[in-house]
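Colleague: Spelled out from the first residue to the last, the chains are:
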Amino acid sequence: MNPRITLAIAARVLTQLRRDHRTLAIMLVLPCLLISLLWWMFEDLPGDSFDRLGPGLLAMFPFIVMFLVTSVTTLRERSGGTLERLLAMPMGKLDFLFGYAIAFGLVAAVQSAAAVALSVGLLDLTIEGPVWLLTVVAVADAVLGSALGLFVSAFAQTEFQAVQFMPALVIPQILLCGLFVPRAVLPDVLNVVSDVLPLSYAVDAMAHLTRSTTTSDVWADLAVVAAYAVAGLALGAGTLRRRSE
Amino acid sequence: MMKNAVEVAGLTVVRGRREVLHGLDFTIPAGQVTGLLGPSGCGKSTLMRTLVGVQAGVTGTVTVLGEPAGSPVLRHRIGYVTQAPSVYDDLSVAENLAFFARVLGVDRRETRQVIEAVDLVDHADQVVGRLSGGQRSRASLAVALLGSPSLLVLDEPTVGLDPVLREDLWAMFHRLADGGVAVLVSSHVMDEAERCDRLLLMRDGVFIADGTPTEIKEKAGLDRAADIEQAFLTIVRGEAA
Ligand SMILES: Nc1ncnc2c1ncn2[C@@H]1O[C@H](COP(=O)(O)OP(=O)(O)O)[C@@H](O)[C@H]1O
Ligand SMILES: [Mg+2]
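Which chain is which? The protein sequence lines are A and B, in order. If you count by full-length UniProt numbering, then the first sequence holds residues 1 to 245, one letter each, in order. If you count by full-length UniProt numbering, then the second sequence holds residues 1 to 241, one letter each, in order.
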C-alpha cells in the first residue's frame with residue numbers, strides 16, 4: 001500500500017462524484033428530503049414517533065446509498081477495463097479499497113452531518129449523546145455499505161444486476177434492524193437473524209445516542225459495525241484478482 | 001541494452017475450461033514494432049494479458065524485461081492499452097492522465113507531453129465520455145505512454161481511427177521503437193501488417209508465421225507485391241492440405 005496511490009484514487013472518485021450532479025444530489029439531498037417527509041408524516045400524530053424512527057433513518061441512508069453507489073461504480077471499473085489497467089500498474093489492492101473507502105467515507109460524513117443538522121436543528125429530534133458520535137456511526141455505516149457494494153460488484157455483469165443485490169442484501173437488514181418492530185420483541189429466530197446483521201448495530205447505536213448520554217454501548221455497537229466493514233473489505237479484496245480468467 | 005524484451009517458451013493458457021493458447025514459443029525484440037495479427041477470437045488479447053501479468057491459467061515460461069511476467073517491478077515498466085478504452089468517461093482527458101500519473105508516480109508535466117503525442121491537446125479539457133471512439137482510444141493510449149515504459153503492449157489501438165491519424169500513430173510507434181522501446185501492437189485486420197517491422201501471425205491459439213512481412217510472403221511462396229492477407233490464406237490452406 002502506498003499513500004500517494006490511495007489518495008490519488010480517493011481524489012479521483014471524489015472528482016467523478018462532483019461531475020455527476022444527480023448522484024451527488026441523491027447522496028446529499030435526498031436523505032434530508034426523506035427525513036423531512038417522515039417528520040411531516042408524523043406531525044399531526046400524538047407521541048414521539050419521529051424520535052423513534054429518525055435515528056434508524058440516519059443509520060440507514062449512508063448504508064443504502066453507499067452500497068448502491070459503490071456497487072455500480074466498482075462494477076464500471078471492472079467491466080470498463082480501468083481496474084485491469086490499475087492492477088497492471090503499481091497499485092495495491094488495498095490502495096483501491098481504501099481509496100474508495102476514504103472517498104465514500106468523506107461523502108458519508110458530509111451527508112450525515114447534513115442529515116443530523118436538519119434532524120436536530122430544524123425537526124427537533126432529541127439527541128442526548130454527543131452529536132459528533134452520531135456522525136462517526138454514520139461514517140462506519142457508510143464504509144460498511146461501500147465494502148458490501150464492492151464485494152457484490154464481483155458477482156454482477158451489468159449495473160442492473162448490481163442493483164438487484166439491493167433487495168436481497170439490504171432490505172432484509174432494513175426490515176429486521178428494529179425500525180419497524182423493536183428487535184427485542186421479534187420472534188426468536190428473527191431476533192437471532194437480526195443479531196448477525198450489521199445494520200442492526202448501527203441502528204442500535206443511533207437509537208442509544210438519542211436516549212442516553214452514556215457512550216460505552218455506542219462504542220461497542222460501533223466496534224461491531226467496524227468489524228463487519230473490515231470483513232467486507234477483506235471479502236472485497238478477495239474479489240480483486242490481479243490475474244483473472 | 002537488452003535485445004529481447006520478451007522471451008516466451010511453451011506458453012499455454014487455459015481460459016474457462018478451454019485451452020486458448022497452445023504451447024507458444026517466441027521473442028519480442030526491443031527497438032522494433034511487432035505486429036500480432038490474427039482473426040478475432042484467435043487469442044491476441046489473451047497473449048497480451050499474459051505478458052502484462054493479468055491473465056490467469058498460464059503455464060510455460062514468460063520472461064518480460066528479464067523478469068517473470070507479472071513481477072511487481074514490471075508494473076512501472078510496461079505500458080498497456082486494453083482492447084476497450086480503459087479511461088474514465090466522466091473525467092476529462094487531462095484529469096485521466098493526472099490520475100494515472102499519480103498512480104505511477106510520474107511527473108505531472110509528462111501528462112502534457114503524452115497528450116501532445118496522441119494529438120489531443122485541443123480536447124484535453126473535454127470529458128472523455130463526449131469524445132469520439134477514436135479520441136477515446138487515443139486518450140487510453142496516452143495513459144500507456146506515461147512513465148516512458150520499455151515495453152508497450154497495445155491491444156488493437158488503431159481500430160476505427162481515421163487513416164490520417166492511423167498514419168500518425170504508426171509513425172509514433174516507430175519513433176518509440178527507434179528510441180529502444182519494444183512495441184507490440186495487435187490487430188484483427190491485415191492491412192496494417194506492412195507497417196510492422198516484424199509479424200506474428202496467429203490463428204486458433206498458434207502462430208502460423210513469424211518473421212518480417214517480406215519473409216512471411218516468401219515462406220508462402222508469394223512475391224513482394226502480394227499482401228499479408230493472401231500470405232495468411234496460402235499458409236492456412238497449405239497446412240490444411
Ligand atoms: N473471460 C473469458 N473466459 C473464458 N474464455 C474467454 C474469455 N475471454 C476470451 N475467451 C476466449 O478466449 C479465446 C481468445 O480470446 P481473445 O484472446 O480475446 O481473442 P482475440 O483478442 O484474438 O480476439 C476466444 O475463444 C474467447 O472466446
Ligand atoms: Mg482481442
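These aren't lab readings, by the way, just hints derived from the structure by calculation. Think of the CB as a built atom: it goes at the ideal place given N, C-alpha and C, for glycine as much as any other residue. Check each hint, because a few of them may be wrong.
Across the chosen pairs, the derived CB separations fall in these ranges [to be verified]:
1. B:175 <-> A:26: 25 to 31 angstroms
2. A:109 <-> B:174: 50 to 56 angstroms
3. A:3 <-> B:206: 44 to 50 angstroms
Far from chain B, by Cβ distances over 10 angstroms, these chain A residues were calculated [as the list claims (entries may be wrong)]:
4. 9
5. 16
6. 52
Colleague: So, for every hint listed, does it hold in this structure?
Modeller: Against the structure, the hints come out as follows:
Distance hint check for residue 175 of chain B and residue 26 of chain A: the Cβ-Cβ separation is about 47 angstroms, which falls outside the suggested range of 25 to 31 angstroms. The hinted window of 50 to 56 angstroms between residue 109 of chain A and residue 174 of chain B holds, with their beta carbons roughly 52 angstroms apart. For the hinted restraint 44 to 50 angstroms between residue 3 of chain A and residue 206 of chain B, the CB-CB distance of approximately 46 angstroms keeps it satisfied. Non-interface call for residue 9 of chain A relative to chain B: violated, since the shortest CB-CB distance, roughly 8 angstroms, does not exceed 10 angstroms.
Distance check on residue 16 of chain A: its Cβ comes as close as 5 angstroms (rounded) to a Cβ of chain B, failing to clear the 10 angstroms threshold; non-interface status is violated. Interface exclusion of residue 52 of chain A from chain B stands, the closest Cβ pair being 40 angstroms apart, more than 10 angstroms.
Violated hints, in rising order: 1, 4 and 5; the structure is consistent with all others.
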